Amino acid sequence: MIIYLLFFLVAFFSLLAVSSKSLYHSAIYLMGSLSVTAGLYLILEAEFLAGIQVLVYVGGILVLLVFALMLTQSDILVNDQPTFTKKIMAFGVSTSVFALGVWLLSSLHLHSIILPTASSPAPSIKQLGHAFLSVQKNGYILAFEIISVLLLTVLISAIVIAKKEKA
Amino acid sequence: MNSHLLEWLIMSLFIFCVGIYGLLTRKSGVGLLISLELMINAGALNFISIHRFLYPAQVDAQVFVLFVIAIAAAEVLLALALFMLLIKKQQPVDITQLNHLKH
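One line per chain: the protein sequences are A and B, in this order. Here this note's numbering is used: position 126 in the first sequence is 126, and no number is missing along the way. Here this note's numbering is used: position 101 in the second sequence is 268, and no number is missing along the way.
One chain only, chain B, in its complex shape:
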């Protein structure tokens, strides 16, 4: 196995850019969340690959990625609760329409 660090970094960069594309094209909130998850995932993968290639003895990167996963879970939970509220109020989960906090 002769894998270079560069390949892994470019791979996570690619996933990140795919996430940017999704973030810019999606209109519905859930679609945005999906793209956001991709981007967070790319960041975590980047973290772990640099840790494994350059500092394999350190434990900190894995700890950080665990925190990132926990925060991503929290963020998805809150966002979905907000979308549920919107759906109950019979409003579309369309972020182009959600440009006011209170009306």
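Same shape as in the complex, but just chain A:
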């Protein structure tokens, strides 16, 4: 029952996030959508991911977005209304993608696969940490290191891009 409530909330917040006129409101609705997704991760027994989702997305990216919105006084940020034709076309494209996806999924006979019970527990955080830092065959240490270098690069380049230019 709670799953359907969360489904409804995610859909509701996502729809509001793309359709609300002011981008401030959009950012707040996106925060709602991402937080409820963290709840869905909890149901899927990915507790660590739910925590990371709240920390990185809701705590980091959303704050960044809201700050960027507050620092700008551009008119388009508070009044981003598409034209009616644009809306209709975008609606057509997204509903056709959705219909195609539903048709493909329903042809796969997935109804019989139900949520596993406690007898098949999800991997623990310990296993996750081992997978991240293992140098064995199934480890992800190389990708982990590359992503840390990527984050450092992005941080430095963001500072370089946004810093004050010399007069």
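No lab work stands behind these hints, which were simulated from the structure alone. Hints may be right or wrong, so weigh each one.
What the hints assert, rightly or not - Calculated lysine-lysine pairs in the DSS-like style (CA-CA distance at most 27 Å, straight line):
{"hint": "1", "chain 1": "A", "residue 1": "K86", "chain 2": "A", "residue 2": "K21"}
{"hint": "2", "chain 1": "B", "residue 1": "K194", "chain 2": "B", "residue 2": "K255"}
{"hint": "3", "chain 1": "B", "residue 1": "K194", "chain 2": "A", "residue 2": "K163"}
{"hint": "4", "chain 1": "B", "residue 1": "K194", "chain 2": "A", "residue 2": "K126"}
{"hint": "5", "chain 1": "A", "residue 1": "K21", "chain 2": "B", "residue 2": "K194"}
{"hint": "6", "chain 1": "A", "residue 1": "K21", "chain 2": "B", "residue 2": "K256"}
{"hint": "7", "chain 1": "A", "residue 1": "K87", "chain 2": "B", "residue 2": "K255"}
{"hint": "8", "chain 1": "A", "residue 1": "K21", "chain 2": "B", "residue 2": "K255"}
{"hint": "9", "chain 1": "B", "residue 1": "K256", "chain 2": "A", "residue 2": "K87"}
{"hint": "10", "chain 1": "A", "residue 1": "K137", "chain 2": "A", "residue 2": "K126"}
{"hint": "11", "chain 1": "B", "residue 1": "K256", "chain 2": "B", "residue 2": "K194"}
{"hint": "12", "chain 1": "A", "residue 1": "K21", "chain 2": "A", "residue 2": "K126"}
{"hint": "13", "chain 1": "B", "residue 1": "K194", "chain 2": "A", "residue 2": "K87"}
This one's a predicted model, so the numbers in the text were calculated from it and none came from an experiment.
Following the hints, position chain B against chain A.
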């Protein structure tokens, strides 16, 4: 709790399509980023639901989604830095006007 995999997949597909709608209608860069985040989030949710329903013992899906979140954070950081630069140059953050890299 008798939830089917199909429901979860359709749910993430729905969020993805909402993201497509936002991507096609928004004009400002920050609005595009918001829609993009929704789409990335839908992809991650899809990943985790398939992992939980079909391969609950494997750890790889969670690792992948963590990488996805990290890359999404990096992407938002860079995009916002670019928008800040545009705002400082007194240009609108309107992607319909940003069709030239250098002028």
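Do the hints match the structure? See the list:
Restraint check for A/K86 and A/K21: the C-alpha separation of about 15 Å stays at or below 27 Å, so the hint holds. Pair hint B/K194 plus B/K255 holds up; C-alpha atoms about 19 Å apart against a cutoff of 27 Å. A C-alpha spacing of about 25 Å is found between B/K194 and A/K163, which places the hinted pair at or below 27 Å, so the restraint holds. For the suggested pair B/K194 and A/K126, the alpha carbons sit about 44 Å apart, so the restraint of at most 27 Å is broken.
A hinted pair counts as satisfied when its Cα atoms are at most 27 Å apart, and A/K21 with B/K194 qualifies at roughly 11 Å. For the proposed pair A/K21 and B/K256, the alpha carbon gap of about 25 Å is at most 27 Å, so the pair holds. The straight-line distance between the Cα atoms of A/K87 and B/K255 is roughly 31 Å, outside the 27 Å bound, and the hint therefore fails. Proximity of A/K21 to B/K255 is assessed by CA-CA distance (about 24 Å); at most 27 Å being required, the pair is judged to hold.
The straight-line distance between the Cα atoms of B/K256 and A/K87 is roughly 30 Å, outside the 27 Å bound, and the hint therefore fails. Between A/K137 and A/K126, the direct Cα distance comes to roughly 17 Å. Compliance with the 27 Å bound is thereby established for this hinted pair. For a cut-off of 27 Å, the pair hint linking B/K256 to B/K194 stands: about 19 Å separates their Cα positions. For a cut-off of 27 Å, the pair hint linking A/K21 to A/K126 is broken: about 44 Å separates their Cα positions.
A hinted pair counts as satisfied when its Cα atoms are at most 27 Å apart, and B/K194 with A/K87 qualifies at roughly 12 Å.
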